[in-house]
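Asker: These protein sequences, in sequence, are chains A and B. Residue 141 is where the first sequence starts when you use the numbering used here, and the numbers rise one by one after that. Residue 141 is where the second sequence starts when you use the numbering used here, and the numbers rise one by one after that.
I should point out that these hints are in silico values taken from the structure, not numbers from a laboratory. Honestly, I wouldn't trust all of these hints.
Sample of chain B residues lacking proximity to chain A, with all beta carbon distances greater than 10 Å (derived) [to be verified]:
1) Ala163
2) Val237
3) Ala241
4) Pro302
5) Gly334
Partner residues aside, some chain B positions facing chain A, computed with beta carbon under 7 Å [claimed, not checked]:
6) Leu251
7) Pro253
8) Pro270
9) Leu271
10) Gln291
11) Arg337
12) Arg338
Beta carbons: idealized from backbone N, C-alpha and C, even for Gly.
There are 2 protein chains.
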Amino acid sequence: MRIAVLASGEGTNLQALIDELHAPGGAVELVAVAADRVDAPALGRAQAAGIDTEAFPRERFSDRPARDAAITAWLEAHGVQLVVLAGYMALLDAAFVRRWAGSLVNVHPSLLPAFPGMGAIEQALDYGAPLFGVTVHLVDEGIDTGPILLQEAAALPAARTPEEVHAALRPIEHRLLCAAVRAFADGGVRPDPGHPRRWLVG
Amino acid sequence: MRIAVLASGEGTNLQALIDELHAPGGAVELVAVAADRVDAPALGRAQAAGIDTEAFPRERFSDRPARDAAITAWLEAHGVQLVVLAGYMALLDAAFVRRWAGSLVNVHPSLLPAFPGMGAIEQALDYGAPLFGVTVHLVDEGIDTGPILLQEAAALPAARTPEEVHAALRPIEHRLLCAAVRAFADGGVRPDPGHPRRWLVG
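Use the sequences and the hints to build the structure in full.
Answerer: Here you go:
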């Protein structure tokens with residue numbers, strides 16, 4: 141399966157996919173990594189692994205739909221079958237989401253539907269929740285509202301800072317994201333015929 | 141510690157408190173069980189354990205504040221120090237919540253703040269979440285918005301009906317509720333000085 145990753149930042153989830161799953165010519169091949177910033181460290185990680193990269197900074201395009209259409213065209217030129225959002229901070233427009241419906245995955249650092257959107261870990265800390273977690277979900281046109289594929293909780297009752305929460309969640313993010321991508325590549329991700337919003341994984 | 145339970149239905153959480161913790165004259169003594177319905181089976185469970193009971197059906201009072209004031213008076217007459225809502229389905233008015241602030245505990249069958257209010261399990265099933273859970277929290281004037289004391293997740297990716305989810309959650313409800321009440325009785329529940337909404341338990 142030919143996979144693309146969109147990232148904005150450090151790219152640690154991308155690195156996990158490279159380390160755990162990436163096999164050129166194999167069952168899971170990362171073929172394209174795009175960023176919304178030219179200086180995203182994720183691009184360097186991809187290049188070091190020999191993966192094609194491209195930056196799509198907002199200012200190079202007339203508007204967001206034009207940018208997102210350019211990303212789709214670039215992904216299509218790479219024969220991409222699954223798009224993974226791994227710390228991609230820009231909103232994607234509705235046309236992009238529809239084009240990749242069912243093949244567009246996001247990893248979010250909360251137990252959705254709790255704490256959607258930006259600053260999920262900060263939201264959870266402010267709420268005082270002792271349980272944090274990670275959700276891998278399909279992307280729909282809402283903010284982190286798509287069907288959930290995988291979810292795992294982490295009890296961190298003494299956590300005080302976003303940094304320590306994120307450090308605890310990062311290995312869970314890597315594990316769940318790799319599991320979801322592997323399941324897609326194995327053909328093991330499909331809609332549950334008995335439920336309009338549930339997907340079977342594995 | 142002298143403890144009261146308010147219930148509306150079967151009273152399985154009440155039964156767990158009776159079986160696990162209730163010790164007449166001991167560290168945890170259930171001294172009063174009230175219901176909003178005269179036919180709540182919880183009342184029979186309490187009576188079988190020798191605990192005072194009273195029903196406060198809405199139609200006996202001019203309005204909800206009058207009913208809730210009567211409940212408070214009855215609890216105060218029993219020297220109650222902690223009030224546990226265990227499947228109590230009626231809303232409590234703001235005066236009641238303020239009177240028992242910090243000493244009023246609810247058990248809710250979801251990972252709050254996800255799926256607050258009525259039908260939490262049905263809400264979670266409709267959402268398609270694979271992770272369910274239980275929250276024990278202090279009650280404030282919102283709907284299931286008070287500070288969380290304890291929270292535990294349960295992965296039920298194949299669950300289809302509210303009944304099977306509730307069956308899986310019920311032992312968790314019993315365990316968390318007993319742990320919270322025991323912590324209160326031990327003096328181990330206090331506000332976290334470093335966080336406006338977090339409480340330390342145990």
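Asker: Decide, hint by hint, whether the structure agrees.
Answerer: Structure-based check of each hint:
1. Ala163: Holds, since 28 Å exceeds 10 Å.
2. Val237: holds, 18 Å
3. Ala241: Non-interface label on B:Ala241 holds, nearest chain A Cβ at 16 Å vs cutoff 10 Å.
4. Pro302: holds, 14 Å
5. Gly334: Violated: least Cβ distance 7 Å, not greater than 10 Å.
6. Leu251: Since chain A brings a Cβ to about 6 Å from B:Leu251, closer than 7 Å, the hint holds.
7. Pro253: holds, 5 Å
8. Pro270: holds, 5 Å
9. Leu271: At about 4 Å, which falls below the 7 Å cut-off, the nearest Cβ of chain A leaves the hint on B:Leu271 intact, so it holds.
10. Gln291: OK, holds: B:Gln291 within 7 Å of chain A, min 4 Å.
11. Arg337: Holds. Min distance 4 Å.
12. Arg338: holds, 4 Å
Consistency with the previously given hints fails for number 5 only.
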